Structures are given as structure tokens and as C-alpha cells.
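Based on the sequences and whatever the hints tell you, model everything.
One point on numbering: in the numbering used here, the residue at position 40 of the sequence shown is 272, and numbering is uninterrupted.
Pairs of lysine to aspartate or glutamate, DMTMM-like flavour, derived with a Cα cap of 25 Å: (1) Lys486 - Asp497; (2) Lys486 - Asp509; (3) Lys486 - Glu551; (4) Lys360 - Glu372; (5) Lys486 - Glu474.
In short, the hints are calculated from the structure, not lab data.
Bear in mind the structure is a predicted one, so any value in this text is a computation, not a measurement.
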Amino acid sequence: MAREGQPGYQPPMRVTLSALVLVACGPAPTSPPTPNEPGPVFRSSQDPFVKGPLEVAQRDLSQGELGAPRPARLTAPVTAGTYPVVQFQHGFLSDRRAYDELLVHLASHGFVVVAPQMYPADGVPLGKAGAPDEARAAGEVARWAQAAAATIMGSAADPRPPGLAGHSRGGKVAWWLSAQERFPARALVGVDPVDGRGGPLLSAQPEALPGPLETAPPSLVLGMELGGSCAPEGDNYRHFFERTTPPTTLLLVKNQGHADMLDADVDSGGLCRAGPDREETRRFTAGAMTAFFRATLQDDDVARRFLDAPQTRLEVTREQR
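In C-alpha cells, the structure reads:
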């Protein structure tokens, strides 16, 4: 490998939201590692709306590598410790790498974040798995991730159940996995989630929430007012909030669009309307997710208070059930 100053040297890739280390990979073993023994769970103490205290590394796994049921990007603290696991499901036809700024921010507060790629992000709506099949595959990833992801990244997993999150149809997949597949998630986050017939092109699928849930873990729903055809009324954030068992919180962001929380270098236009302040929408989304998962997965009551009155220049309304 060329060193700095030598021909062929390339500087490491960086994510601006947090210091980031890219983990080099050798030949791809196929068996998952033996899990590391857990210790006390790390608890962040910083404002959840600013980057956390931990340096972060990422590693991409191909399908089958170290037992991964799907290609996945792992994002986790460099410092060895015991961390809760969070699985994040990408939106319809989206790339898992489009959410790096959100997930690096979350990991910097003490989480191992697993972002699987459920199918090729080639922009072609035909030939993709339906939402029920996608949820079952997400369950395979979640069971593998809870056992292996933290160890792969040099740490140990909190042995308690993980958190699930997702954007757009990925939010639906997270809810389906919890409600229909009975996966024992400890917390749910939907980032402008879309259910049922809603969404662009051929993304419509049977509802994850055809009626009110009988039981569900604590949940946070982040809604974007400018959902439009990408998150239509009746299938959007309010559908999830009203059909999910309390305790559940809805934070509705006014005048921002369905894809405005994607990374800065990802186009949020096209079929979905965009709002005027994508940078703050990313910061707010990352901070709200972090505050909620710190409250539910790190047992941090102080973090919960940040959801009661989020500090942001966006106009945000809050509802609680």
C-alpha cells in the first residue's frame, strides 16, 4: 500500500458529521465470529443534536461475508465497549449509503448501527421483493446483527433486544417486522414512514398496520409535511402514529420534504418535493433518533427531555400518545 507522499497514495474517505475510520477488509470469511462478552452499556452524556464523543468506523460486508444475510454497512464506535444495536432500513429503491450522516451521528453516541441493502439500489422498481418478504429478510439480518455486528466491529452487543428504524418504506418494514413477524425490538423509529398503497411508482404493498396494534415497543415517528405523492395522506406518518400502541411520539417537521434528511450529496428531488433547509433537517433527524434511542436503549432519561422541546430552527410540532 502506498504511503503518503508516494505515487498511488489516496487519502482516507471522510464523513463531515463525525470523525470516521474506514475498516480495511481482507479475504471474506463466511462464518460469523464468536460474540464478545458484554460489559456495562455505554451511555452518552452530550447533547444528542450534536455529534457524540466517540470516533466512528464503518465496514461494508457483502452477502454471506461473516454470515451476513444481505449486504450491509456497519457503523460503530472505534473504542471497544458494550453498545446497543440499531438496524436501519433504507427507503424504496434507496441505497443504504445515502444515510451515512444520520447513522454516523447515531453511532458517535454509542450505538452499533447496521444498514442492510435489501435489493440492488438500481432505480428499477420491477423485480424487487414485496414488503412482507423484505420484512422477513430484515428479520434474518436483525438476528444475525444482534449476535455478530458488534463483535465484527471490535466491541460487544448489549444482550437486550435491538432498536429498529427505517425511512419511507423502510419504516414500514421496521413496523412489519415488529408487528407481523413479532420480532422483539425494544424501540421503533419511523423516518417519514409510508404504509399500504402509498409511495412512488410500484412501491405499494399490503399494509403493515391494517388496524390499531395491540402491543408495540415505544416508538418515535418523524413526519415531513411535504410528503406529497411519496408519502400520501392516509398512508403517511399519521397512519403510523395513530395505529401504534402508546407510548408513541410524533414530531412533525413543517415545510420539509420526504427525502430531505438524506446525505448532502444525494439528490432529494425527483418524485419527492424538497424543502428549503435540508442541512437542518438532517441535523434534526439525526438528533431526534439519537435522543430517542438513548432514552430507550441506553436508559437515559435526560436524553428523553430533548424530545419534549427539540432545539432546532425548523418549525416542529409534537404529539404524544
